[in-house]
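Turn these sequences into a full structure, and let the hints guide you.
Protein chains in written order, with the working numbering: chain A, 12 to 246; chain B, -10 to 290.
By construction, these hints were calculated from the structure, which means they are not laboratory data. Only a predicted model underlies this, so the values are computations on that prediction, with no experimental measurement involved. All residues carry an ideal CB built from backbone N, CA and C; glycine is no exception. Among the clues, some could well be false.
[To be verified] With the C-beta cut set under 8 Å, the calculated list includes, among others, these residues of chain B facing chain A:
no.: 1; residue: P8
no.: 2; residue: R10
no.: 3; residue: V20
no.: 4; residue: V23
no.: 5; residue: G24
no.: 6; residue: F27
no.: 7; residue: V29
no.: 8; residue: V42
no.: 9; residue: P147
no.: 10; residue: L161
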Amino acid sequence: MSYAAFQDRAAAYAAENERAEFIRLTYLHLGGAVLACAALCYALVTTAGETITGFAFGGGMNWLIMLGGFMLVGWIAERWAQSGGSQGKQYLGLGVYVLAQSILLTPLLYVAAYLLDDPAVIPTAGVLTLTVFGGLTASVFITKKDFSFMGRALMLLGFGAMGLILVSIVFGFSLGALFSAAMVVLAGGYILYYTSNVLHHYPVGAHVAASLALFSAVALLFWYILQLVMSFGRD
Amino acid sequence: MQPVDPFGLDPPEGSRPPPSRGDKGFLLVFVLIVGGLFAVEIFREVTPARMAVLFFFAFYGLLTVLHEAGHALAAAAVGWRVSRVQLGFGPTLGRPTIGGVDVEIRAFPIVGLVQVAPDRIEGARWKNALIYAAGPGIELLLAAAVATAVGWSTITSPSESWAVVVAQSLCLAALLGAGFNLLPLTLPSGQVTDGMGILRSPFTPRAVFEAMMIGPEIEVAMKDIEADPRGALAGFEALHARHPQVLLIHLGIARALEALGRREEALLRLRQAVQETDPDERPEAEALYIAFRESVSKPAR
Chain A
12 MSYAAFQDRA
22 AAYAAENERA
32 EFIRLTYLHL
42 GGAVLACAAL
52 CYALVTTAGE
62 TITGFAFGGG
72 MNWLIMLGGF
82 MLVGWIAERW
92 AQSGGSQGKQ
102 YLGLGVYVLA
112 QSILLTPLLY
122 VAAYLLDDPA
132 VIPTAGVLTL
142 TVFGGLTASV
152 FITKKDFSFM
162 GRALMLLGFG
172 AMGLILVSIV
182 FGFSLGALFS
192 AAMVVLAGGY
202 ILYYTSNVLH
212 HYPVGAHVAA
222 SLALFSAVAL
232 LFWYILQLVM
242 SFGRD
Chain B
-10 MQPVDPFGLD
0 PPEGSRPPPS
10 RGDKGFLLVF
20 VLIVGGLFAV
30 EIFREVTPAR
40 MAVLFFFAFY
50 GLLTVLHEAG
60 HALAAAAVGW
70 RVSRVQLGFG
80 PTLGRPTIGG
90 VDVEIRAFPI
100 VGLVQVAPDR
110 IEGARWKNAL
120 IYAAGPGIEL
130 LLAAAVATAV
140 GWSTITSPSE
150 SWAVVVAQSL
160 CLAALLGAGF
170 NLLPLTLPSG
180 QVTDGMGILR
190 SPFTPRAVFE
200 AMMIGPEIEV
210 AMKDIEADPR
220 GALAGFEALH
230 ARHPQVLLIH
240 LGIARALEAL
250 GRREEALLRL
260 RQAVQETDPD
270 ERPEAEALYI
280 AFRESVSKPA
290 R
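Structure (structure tokens):
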């Protein structure tokens, strides 16, 4: 589903009922994706958590391999989700992305669930993620502000963050709470950007791809909020 | 982490309202917070490993220049014309002419673009593949040369030496740049990575190279359509006689006919051209036809 095919049907210019239906479907799919991810994470942590965590944090370049694999699979899934040809392919893309994200989240969740002596860590991170996401979403919907001007800045900062993560893994130093805090702010920026695009720019009919965009931002936010909560717990 | 608009849904550049002063202020605060936290995290301790982040980004920018130079030099070596080089994205900082080529220097040198055109059709496929390969190739060669000079075991081992970390950062930036570019991907914008370009080159239809070859002539005729549609039509018809398979010429003819008020004829000619297109180019041709049909069916603003 390329933009060109839908440029006259961007959400902001679509009929009121079409636009409302697009937004409803986007958030319905986002909710479904989050629930599916939570269920998959639970299943993976309880059944294969030790194996996946052992591999991911087993030293060497294992974590880099997992991250690289996630980015590659994520890329393919995103392309499927945006394909206009078949609805099945779009859903397959969303499904594969959710699965890949669940595998990536498993090591951190396993550590939080079994290796930290605090059962409140994951629920706290979940509630904080929902609160931040809800607050940012509400602010965009209430103010109707168009945050699409953030695109380039997000791309540059995202590139910077990727470089930092890569160099830290290759050169063997750990990124601390300040980096997590920066990533929470960055994820917040992505949420503002994608939400305002849902409201103003994304073409109606592209709800699967739009929900995938939002889901990726929510997962990023959760990941770094969880890291922050864990680091505060350790302190 | 995801690049912005990995989903290919964003509206094209220029279709959004320009940011207001308030937007710019918000953006500045946002960038300062995220960038500031990144900087504090990096400088928490000044060690060679942490400073590798800075070396890595500095080398990545320089290697982008080297990468594009690799494409341009390879093009010149096989006798192709280099019409334009773009280094980076964002605001333009300068437009020098280097070796007769217009070079556009942008603020953020993490991507680039080299526009080339063949001198003749013979051998165009392998020459095209070679030009694509030269960008990542020059980065890999540099990484191999640095690794050989420093020592392969040294370059792959953790080190506290500043000199070794600088060399390792250079190799990492070169490997990442070359590695990403060699992945065979088609980007949401429709552009392809070097890897995809190399793979596609042997199968690229002849008409595509013809279009590249006469690109400047097509551009001139396209610009003439509004001022002199009759002259532009004659120009396109002359080009068509020499290159009957080039779709862009058919689009030019259709646009010129439309400008002359012959809308039905324009649609019919473009439709016929699309049906005669090489099967490999058909989806792109169909999209072009649909876009043209929609543009002529819209009321003038």
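So, going through the hints one by one against the coordinates:
no., hint, verdict
1, P8, "holds (4 Å)"
2, R10, "violated (12 Å)"
3, V20, "holds (5 Å)"
4, V23, "holds (5 Å)"
5, G24, "holds (7 Å)"
6, F27, "holds (5 Å)"
7, V29, "holds (5 Å)"
8, V42, "holds (5 Å)"
9, P147, "holds (6 Å)"
10, L161, "holds (6 Å)"
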